[in-house]
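Enquirer: Listed below, chain by chain, are the residues.
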Amino acid sequence: MTVALFLIAGLMLGSAGVALLLRNLIHSALLLVASWAGVAAFYLWAGAEFVAFAQILVYVGAISMVVLFAVLLTRQGLEISRPVEPDAQWRAFSAITVGACLAAVLGSAILSTKLPAATATAPTLSVKDTGLELMNHHGAALLIVGLILTVALLGATVLAATDKPQKTEDAA
Amino acid sequence: MSAVLASEPFLERAPLELRDAVVQLLPAPAQWLGHHLITILAVVLGFSLFFAFTTVAERKLLGRLQNRLGPNRAGVPKFSILPFHLRHKLFGLSQPFADAIKALTKEDIVPAAADKLLHFLAPVVVVAFSLMTFAVLPVGRHLVPVELDAALLYFFAAGCASELALFMAGWSSRNKYSLLAAMRALAQLISYELPLILSVVPIVLVTGTLSTVAIVQSQGVWSFGLLPHWFVFTPWGFAGFIIFLIATLAETNRSPFDLPEAESELVAGHLTEYSGFKYALFFMAEYFGMTALSGLGVTLFLGGWQAPAPFLEFIPSYLWFMGKLVGMLVFFIWIRGTLLRLRIDQLTRLSWQFLVPLALLNVGNAAFWSLTAHWSGPLNLVRWAIALALVVTPFLLLGRTLSAGFAPRTYRYAS
Amino acid sequence: MSSLHLCLLISSALFCIGLTGALARSNTILVLLGIELMLNAANINFIAFWRFGPSPAPASGVIFVLFSIAVAAAEAAVGLALIIAVYRHQKSVRLQDATCLKG
Chain A
1 MTVALFLIAG LMLGSAGVAL LLRNLIHSAL LLVASWAGVA AFYLWAGAEF
51 VAFAQILVYV GAISMVVLFA VLLTRQGLEI SRPVEPDAQW RAFSAITVGA
101 CLAAVLGSAI LSTKLPAATA TAPTLSVKDT GLELMNHHGA ALLIVGLILT
151 VALLGATVLA ATDKPQKTED AA
Chain B
1 MSAVLASEPF LERAPLELRD AVVQLLPAPA QWLGHHLITI LAVVLGFSLF
51 FAFTTVAERK LLGRLQNRLG PNRAGVPKFS ILPFHLRHKL FGLSQPFADA
101 IKALTKEDIV PAAADKLLHF LAPVVVVAFS LMTFAVLPVG RHLVPVELDA
151 ALLYFFAAGC ASELALFMAG WSSRNKYSLL AAMRALAQLI SYELPLILSV
201 VPIVLVTGTL STVAIVQSQG VWSFGLLPHW FVFTPWGFAG FIIFLIATLA
251 ETNRSPFDLP EAESELVAGH LTEYSGFKYA LFFMAEYFGM TALSGLGVTL
301 FLGGWQAPAP FLEFIPSYLW FMGKLVGMLV FFIWIRGTLL RLRIDQLTRL
351 SWQFLVPLAL LNVGNAAFWS LTAHWSGPLN LVRWAIALAL VVTPFLLLGR
401 TLSAGFAPRT YRYAS
Chain C
1 MSSLHLCLLI SSALFCIGLT GALARSNTIL VLLGIELMLN AANINFIAFW
51 RFGPSPAPAS GVIFVLFSIA VAAAEAAVGL ALIIAVYRHQ KSVRLQDATC
101 LKG
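Residue numbers (our numbering), protein chains in the order written: chain A, 1 to 172; chain B, 1 to 415; chain C, 1 to 103.
Hints were generated in silico from the structure; no laboratory data involved. Take the hints with a grain of salt, since some may be wrong.
[To be verified] Cβ-Cβ distance ranges computed for the label pairs, FRET-style:
no., chain 1, residue 1, chain 2, residue 2, range
1, A, Gly14, B, Gly75, 50 to 56 Å
2, B, Ala30, A, Met135, 42 to 48 Å
3, B, Ala214, A, Ser94, 52 to 58 Å
4, C, Arg88, B, Leu396, 37 to 43 Å
5, B, His36, A, Gly107, 36 to 42 Å
6, B, Leu25, A, Val3, 27 to 33 Å
7, B, Leu45, A, Leu142, 21 to 27 Å
8, A, Val3, B, Ser223, 53 to 59 Å
9, B, His36, C, Cys100, 56 to 62 Å
[Unchecked claim] Calculated from the model, a selection of chain A residues having no Cβ within reach of chain B, i.e. all distances over 12 Å:
no., residue
10, Gly17
11, Ala52
12, Thr74
13, Val98
14, Val105
15, Ala109
16, Thr113
17, Gly155
18, Leu159
The beta carbon of each residue, even a glycine, is placed where N, CA and C say it ideally should be.
Taking the hints into account, I'd like the entire structure generated from these sequences.
Expert: As structure tokens, this is what we get:
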């Protein structure tokens with residue numbers, strides 16, 4: 001059980017870490033997809049089946065595609081051929097310092113907290129229960145999420161659409 | 001489980017009995033592993049064989065549709081040991097095995113500029129994930145590889161990884177045709193994922209479950225002991241089935257939606273730089289995807305393993321499932337031999353302006369159907385009339401707007 | 001150390017990786033992806049507390065994650081559309097080049 005957790009964590013953290021180190025954007029994006037799949041594996045490990053499949057569907061199926069399209073649409077020459085700026089090195093150094101400090105603070109805080117021992121039985125949750133809970137207690141939130149998604153879809157389309165009028169070209 | 005199983009006819013429980021008998025031969029600690037390994041092997045081998053013969057069927061049927069014979073030469077090799085030459089061409093049925101040997105022995109060419117790792121990973125990923133989708137298809141009454149509560153969600157989650165593999169193949173080849181085709185294919189897959197999933201939602205709405213097993217069981221009712229209550233025989237189910245069929249054709253890159261592989265425009269699409277066994281793997285994954293989606297269609301709309309009438313139940317359930325699956329595949333082959341390829345703008349337009357609104361309305365239709373489930377007698381006729389109207393009216397209205405703007409295309413840069 | 005401790009440690013490690021990436025990289029897309037990683041780390045915490053917490057409400061953690069995933073999807077779509085819009089004007093996706101609003 002714990003071995004599986006360590007394997008999943010290794011996949012998740014390893015691919016995320018390597019992804020943010022690489023200079024090839026496509027490789028980073030694909031490795032991040034692996035990391036998201038690792039998060040889904042964690043959900044499966046914890047028994048949240050529905051969430052795990054939703055995570056795969058949304059992150060691996062949808063967000064990864066948007067990211068890859070964005071990478072291809074905004075590419076200019078090869079990233080690798082550009083020299084590393086001295087500025088970037090300084091920034092990377094300070095970012096790693098900040099990240100390490102935060103990790104130290106969070107880690108010590110977690111380790112020094114006495115958390116309640118795990119309950120003996122894992123909570124079981126069928127898809128039907130999840131659905132009923134969503135529709136009954138969180139109906140308003142569900143509607144708002146629907147609204148947010150619609151607005152985001154429209155907003156993304158408007159933002160990404162070309163603002164140049166194309167009438168003249170089409171008529172020709 | 002075993003008590004239920006024992007009351008079944010022998011043919012129905014034969015595959016499970018066989019598995020249990022093999023598992024009993026193993027030592028006790030390995031039994032759990034053996035149990036699962038045998039299930040996995042059965043799925044992989046069964047559907048691989050199915051794939052092999054689908055390719056022959058496709059080539060032969062396409063041949064007949066085009067007034068030629070199709071492959072009919074490959075048979076058993078000549079045995080000269082016997083006093084007489086044992087040789088039969090077997091109607092070309094061993095063609096897929098000859099093809100497999102050919103693909104295995106061909107040279108594997110990787111372009112010098114290619115991203116070697118991704119170029120290798122793409123076919124592996126695509127086959128692995130397309131095989132994973134078979135895990136939740138109930139092949140027979142007791143033949144479900146994995147019984148999941150969220151089976152439908154799992155199916156679509158496992159299927160969406162193939163998009164990623166497609167991108168990997170197109171990008172890693174470092175070939176402009178590969179990349180263009182991959183982007184085309186992705187646009188197509190994303191456009192048609194929406195109607196595909198929306199066409200399934202009404203079923204979930206009416207049955208109230210995501211489990212494929214429960215969905216099949218809820219279709220095992222007959223009116224007058226003759227008419228099966230498959231979902232395809234309801235107005236919303238019929239509309240959903242048609243949308244599902246069209247979306248399936250597009251999702252599996254089959255003609256008339258085979259734009260990503262339009263050989264006159266893009267060489268061979270994202271497969272341009274693939275050869276040998278890697279090419280065969282892509283080919284295999286495409287057929288696996290088609291078989292899995294057809295299996296899902298059979299499960300959701302055509303009653304799964306249920307027999308069409310109660311007196312036909314003496315035929316084991318898995319044979320019914322396979323029969324329906326073969327029917328679906330033959331239908332797809334027939335479509336391939338009949339229809340012409342669409343243009344990319346027609347393709348996206350069909351999805352966004354026609355299928356998605358229809359599928360959304362269909363969800364509402366299914367909601368109406370399940371709200372009026374208690375109507376009976378003459379009210380039932382009203383229910384059918386309203387549901388039919390909810391399918392036909394938007395179809396006619398939307399169809400008119402879809403074909404309204406059709407005119408010869410103006411080529412912006414070529415005229 | 002209980003399983004809850006382990007899960008929390010893993011999620012905070014993921015959060016720190018995401019933060020480091022978001023701060024260190026100059027490509028806007030990677031910054032956005034770093035933020036997505038941090039969101040995922042938060043989701044892991046929800047599931048961990050749902051699974052190993054003292055006596056949680058039956059579905060609260062799962063529901064929270066579902067909403068969080070939906071919002072993350074919206075965020076990614078709008079964020080990437082913004083990046084493409086900015087790219088169209090600046091011809092660059094580097095954060096340092098987007099200085100039009102600088103005082």
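Enquirer: Give a verdict on every hint.
Expert: Going down the list of hints, with the structure as the test:
1. A:Gly14 x B:Gly75: 50 to 56 Å: holds, 52 Å
2. B:Ala30 x A:Met135: 42 to 48 Å: holds, 45 Å
3. B:Ala214 x A:Ser94: 52 to 58 Å: Check passed, 55 Å falls within 52 to 58 Å.
4. C:Arg88 x B:Leu396: 37 to 43 Å: For C:Arg88 and B:Leu396 the Cβ distance comes to about 41 Å; the hint holds.
5. B:His36 x A:Gly107: 36 to 42 Å: holds, 38 Å
6. B:Leu25 x A:Val3: 27 to 33 Å: holds, 30 Å
7. B:Leu45 x A:Leu142: 21 to 27 Å: This hint is violated: roughly 44 Å between Cβ atoms.
8. A:Val3 x B:Ser223: 53 to 59 Å: holds, 54 Å
9. B:His36 x C:Cys100: 56 to 62 Å: Check passed, 59 Å falls within 56 to 62 Å.
10. Gly17: holds, 18 Å
11. Ala52: violated, 8 Å
12. Thr74: holds, 14 Å
13. Val98: Holds: least Cβ distance 32 Å, greater than 12 Å.
14. Val105: holds, 36 Å
15. Ala109: Label holds. Min Cβ-Cβ 35 Å, cutoff 12 Å.
16. Thr113: Given that every Cβ of chain B is farther than 12 Å from that of A:Thr113, nearest at about 33 Å, it holds.
17. Gly155: holds, 18 Å
18. Leu159: Since the minimum Cβ distance to chain B is about 18 Å, A:Leu159 lies beyond 12 Å and the statement holds.
The structure fails to meet hints 7 and 11 from the earlier list, while all remaining hints are met.
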